Amino acid sequence: MSERENLFSETAGGVPPVIMEARHVTKKFTTAGGRPLLACSDVSLQVRKGQTLGIVGESGCGKSSFVKMIVQMYPPTEGEIIYNGKDITKFKGEELRQCRRKIQMVFQDPAAAFHPKMKIMDIVTEPLLNFRLIKKSEKEAKAKELLRMVDLPEDFVYRFPHNMSGGQRQRVGIARALALEPEIIVCDEATSALDVSVQDRVIELLVKLQKEKGISFVFICHDMALIQSFAHQVAVMYLGNIVEVLPGSEVAANAKHPYTQAMLGAIFSTKMDFTKKIESIESEAPSPADVPPGCPFQNRCDRCMEICRTQKPKLTEIGPGHQAACHAL
Amino acid sequence: MDLLNVKDITVTYGRNPRPTIEHFSLDMKEGEIVSIVGESGSGKTTVIRAILGLLPGGGKVDQGDILFQGQSLLNLKKEQWRELRGSQISMIFQDSGAMINPIRRIGDQFVEYIRTHQKMSRKEAWNKGVEMLEKMRLPSGDTIMRNYPFQLSGGMRQRVGIAMSMTFQPKLLLADEPTSALDVTTQAQIVRQFMELRESYGTAMIVVTHNIGVAAYMADKLIVMQYGKVVDAGTRDEVMNNPASEYTKNLLAAVPEMGGKRYV
Numbered sequence: 001m002s003e004r005e006n007l008f009s010e011t012a013g014g015v016p017p018v019i020m021e022a023r024h025v026t027k028k029f030t031t032a033g034g035r036p037l038l039a040c041s042d043v044s045l046q047v048r049k050g051q052t053l054g055i056v057g058e059s060g061c062g063k064s065s066f067v068k069m070i071v072q073m074y075p076p077t078e079g080e081i082i083y084n085g086k087d088i089t090k091f092k093g094e095e096l097r098q099c100r101r102k103i104q105m106v107f108q109d110p111a112a113a114f115h116p117k118m119k120i121m122d123i124v125t126e127p128l129l130n131f132r133l134i135k136k137s138e139k140e141a142k143a144k145e146l147l148r149m150v151d152l153p154e155d156f157v158y159r160f161p162h163n164m165s166g167g168q169r170q171r172v173g174i175a176r177a178l179a180l181e182p183e184i185i186v187c188d189e190a191t192s193a194l195d196v197s198v199q200d201r202v203i204e205l206l207v208k209l210q211k212e213k214g215i216s217f218v219f220i221c222h223d224m225a226l227i228q229s230f231a232h233q234v235a236v237m238y239l240g241n242i243v244e245v246l247p248g249s250e251v252a253a254n255a256k257h258p259y260t261q262a263m264l265g266a267i268f269s270t271k272m273d274f275t276k277k278i279e280s281i282e283s284e285a286p287s288p289a290d291v292p293p294g295c296p297f298q299n300r301c302d303r304c305m306e307i308c309r310t311q312k313p314k315l316t317e318i319g320p321g322h323q324a325a326c327h328a329l
Numbered sequence: 001m002d003l004l005n006v007k008d009i010t011v012t013y014g015r016n017p018r019p020t021i022e023h024f025s026l027d028m029k030e031g032e033i034v035s036i037v038g039e040s041g042s043g044k045t046t047v048i049r050a051i052l053g054l055l056p057g058g059g060k061v062d063q064g065d066i067l068f069q070g071q072s073l074l075n076l077k078k079e080q081w082r083e084l085r086g087s088q089i090s091m092i093f094q095d096s097g098a099m100i101n102p103i104r105r106i107g108d109q110f111v112e113y114i115r116t117h118q119k120m121s122r123k124e125a126w127n128k129g130v131e132m133l134e135k136m137r138l139p140s141g142d143t144i145m146r147n148y149p150f151q152l153s154g155g156m157r158q159r160v161g162i163a164m165s166m167t168f169q170p171k172l173l174l175a176d177e178p179t180s181a182l183d184v185t186t187q188a189q190i191v192r193q194f195m196e197l198r199e200s201y202g203t204a205m206i207v208v209t210h211n212i213g214v215a216a217y218m219a220d221k222l223i224v225m226q227y228g229k230v231v232d233a234g235t236r237d238e239v240m241n242n243p244a245s246e247y248t249k250n251l252l253a254a255v256p257e258m259g260g261k262r263y264v
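Protein chains in written order, with my numbering: chain G, 1 to 329; chain W, 1 to 264.
Think of the hints as simulated: they come from the structure by calculation, not from any bench. What you are looking at is a predicted structure, and each value in this text was computed from that prediction instead of being measured. Think of the CB as a built atom: it goes at the ideal place given N, C-alpha and C, for glycine as much as any other residue. It is possible that some hints are incorrect.
Listed next, the in silico DSS-like pairs over lysine-lysine satisfying Cα-Cα at most 30 Å (straight line) [claimed, not checked]:
(1) G:Lys271 - W:Lys221
(2) W:Lys249 - G:Lys276
(3) W:Lys261 - G:Lys276
(4) G:Lys208 - W:Lys29
(5) W:Lys135 - W:Lys60
(6) G:Lys211 - W:Lys221
(7) W:Lys261 - G:Lys211
(8) G:Lys277 - W:Lys7
(9) G:Lys208 - G:Lys119
(10) W:Lys60 - W:Lys261
(11) G:Lys28 - G:Lys213
(12) W:Lys229 - G:Lys271
(13) G:Lys119 - G:Lys135
(14) W:Lys29 - G:Lys276
(15) G:Lys277 - W:Lys60
(16) W:Lys135 - G:Lys277
(17) G:Lys102 - G:Lys90
(18) G:Lys276 - W:Lys135
(19) G:Lys117 - G:Lys142
(20) W:Lys249 - G:Lys208
(21) W:Lys249 - W:Lys29
(22) W:Lys261 - G:Lys256
(23) G:Lys49 - G:Lys92
(24) G:Lys49 - G:Lys277
(25) W:Lys29 - G:Lys277
(26) W:Lys229 - W:Lys60
(27) G:Lys213 - W:Lys221
(28) G:Lys276 - W:Lys221
(29) G:Lys256 - G:Lys49
(30) G:Lys208 - G:Lys144
(31) G:Lys213 - G:Lys139
(32) G:Lys139 - G:Lys90
(33) W:Lys29 - G:Lys271
(34) W:Lys249 - W:Lys221
Covered stretches of chain G, going by a simulated chain W footprint (3 or more residues, C-beta under 8 Å) [to be verified]:
(35) 62-69
(36) 123-132
(37) 269-280
Isolated chain G, as found in the complex:
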């Protein structure tokens, strides 16, 4: 126990303490054909208090599977997730229910995340009523307070989800996640369905709330340019493996892993040189149901060596706060 306590109270050099840590988390599914599918392979990540952990990767890389284990939608096959010194994957019953209060989620499609026949007032206060934190008579006042927090007009409490724009709905999603005053909010592609100008304002809101309330975010995203603009740490996933972890401020200049670089090369920017040919690796990612032995990225990597085909590279420290899993580094 002493080792764990140390870990969670440590505040070395102004770095906020770790409040959640995934240790060697592995998740296996069985496909319809009975074949095993490795969605997450030995994932170890830390979430620090009041900071954002961004997870970036292409579809099928296991990023959603990973956060679903954080919010305890299903348990990992192996490994543990430590939160406040306890392995939350072992929780059952009331202990599990109480733990869910502290870890909330915001979904990608705000139109699908709400009951269409519930008013906004009922949507945002339902978690509070479930935990008997407010009386029914306090519902309206509390709902208005929550909407103010996410910069929505108070009279929206009487509306239905379909009477709002996508950006407004996503704000309601954030208000609902905030209702129980969680320590961690998991956002699964929370801005992908939004227009860029709306996305810009939603990210500003999240960062403001983080500074005011010290909330930690785990933010899944496929847009590298977006995630590096507000995440403290960025983890790059490929076929169930974390291939690189580095501070968000260093992604542009210091990303080292060949896959991270391939993703950066494929970004269309408004400030790019339009006459230059776009770079991109030509092949497609193999199915997560048949990941080759050795490095998962081997067949698309231009720096692939003999060792990459047989031995899987381990995530190793290559700089301060910077880890990568690659034999070539």
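Dock chain W against the given chain G, drawing on the hints supplied.
Okay, now just chain W, sitting in the frame of chain G:
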């Protein structure tokens, strides 16, 4: 003669008095790529649907005219449209897989499509399909012809869509969010493929997208729309470097950039 002239059109849907697009004009030469960008609800998809005569649910062009190679498209008969669509003008959707019948094999539908437009035996049509798939860098076209849409990845389905729409080497290709459902690395591959189409076939394209980076990369001309109106139009460099409207400036500023604005 221009390939396409859209002359000051206004489109309304059903009984809604407010037009969905107002005073939209566009002139295109052969082999030119025009990108239309705008946020959701700005009317960009309505523009290309109007060109192809596929406005849904009581939508109609109230004003103006659309000329393709000098011929008006507004009052064509069914047979005339059949001559034009799929052979002179084709369309690619956001997810081509979703536009293909899910319970029929790719080849089955590809052959049907080819034989609708050209007199050909099944065997010949099949081979033509395989040839087109392989031109679009899909390995083993024969296997793909035997696959169902769900057996292909998003990028492969999009290539199938492009292969189908390019079969008769149309003069004009309309693409509605052709890369929005794809991963970044696949998106780059598909964009490159579009650029190659123009090089090898001289196809003109209208690309509708909300990804401003992709739009700017592909376009000769760029059109920015908001609430159904054109707020900026011009060559790519004009619009990107000197946007006339405040809206375009804000839109460009909101696009996240590598190493750009940081929120924390």
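Hints, one by one, checked against the model:
| no. | hint | in the structure |
| --- | --- | --- |
| 1 | G:Lys271 - W:Lys221 | holds, 17 Å |
| 2 | W:Lys249 - G:Lys276 | holds, 24 Å |
| 3 | W:Lys261 - G:Lys276 | holds, 24 Å |
| 4 | G:Lys208 - W:Lys29 | violated, 49 Å |
| 5 | W:Lys135 - W:Lys60 | violated, 37 Å |
| 6 | G:Lys211 - W:Lys221 | violated, 42 Å |
| 7 | W:Lys261 - G:Lys211 | holds, 18 Å |
| 8 | G:Lys277 - W:Lys7 | violated, 34 Å |
| 9 | G:Lys208 - G:Lys119 | holds, 26 Å |
| 10 | W:Lys60 - W:Lys261 | violated, 43 Å |
| 11 | G:Lys28 - G:Lys213 | violated, 36 Å |
| 12 | W:Lys229 - G:Lys271 | holds, 25 Å |
| 13 | G:Lys119 - G:Lys135 | holds, 17 Å |
| 14 | W:Lys29 - G:Lys276 | holds, 23 Å |
| 15 | G:Lys277 - W:Lys60 | violated, 40 Å |
| 16 | W:Lys135 - G:Lys277 | holds, 20 Å |
| 17 | G:Lys102 - G:Lys90 | holds, 16 Å |
| 18 | G:Lys276 - W:Lys135 | holds, 23 Å |
| 19 | G:Lys117 - G:Lys142 | holds, 20 Å |
| 20 | W:Lys249 - G:Lys208 | holds, 24 Å |
| 21 | W:Lys249 - W:Lys29 | holds, 28 Å |
| 22 | W:Lys261 - G:Lys256 | holds, 22 Å |
| 23 | G:Lys49 - G:Lys92 | holds, 25 Å |
| 24 | G:Lys49 - G:Lys277 | violated, 42 Å |
| 25 | W:Lys29 - G:Lys277 | holds, 23 Å |
| 26 | W:Lys229 - W:Lys60 | holds, 17 Å |
| 27 | G:Lys213 - W:Lys221 | violated, 46 Å |
| 28 | G:Lys276 - W:Lys221 | holds, 17 Å |
| 29 | G:Lys256 - G:Lys49 | holds, 27 Å |
| 30 | G:Lys208 - G:Lys144 | holds, 19 Å |
| 31 | G:Lys213 - G:Lys139 | holds, 22 Å |
| 32 | G:Lys139 - G:Lys90 | violated, 34 Å |
| 33 | W:Lys29 - G:Lys271 | holds, 27 Å |
| 34 | W:Lys249 - W:Lys221 | holds, 17 Å |
| 35 | 62-69 | violated (count 0) |
| 36 | 123-132 | violated (count 0) |
| 37 | 269-280 | holds (count 9) |
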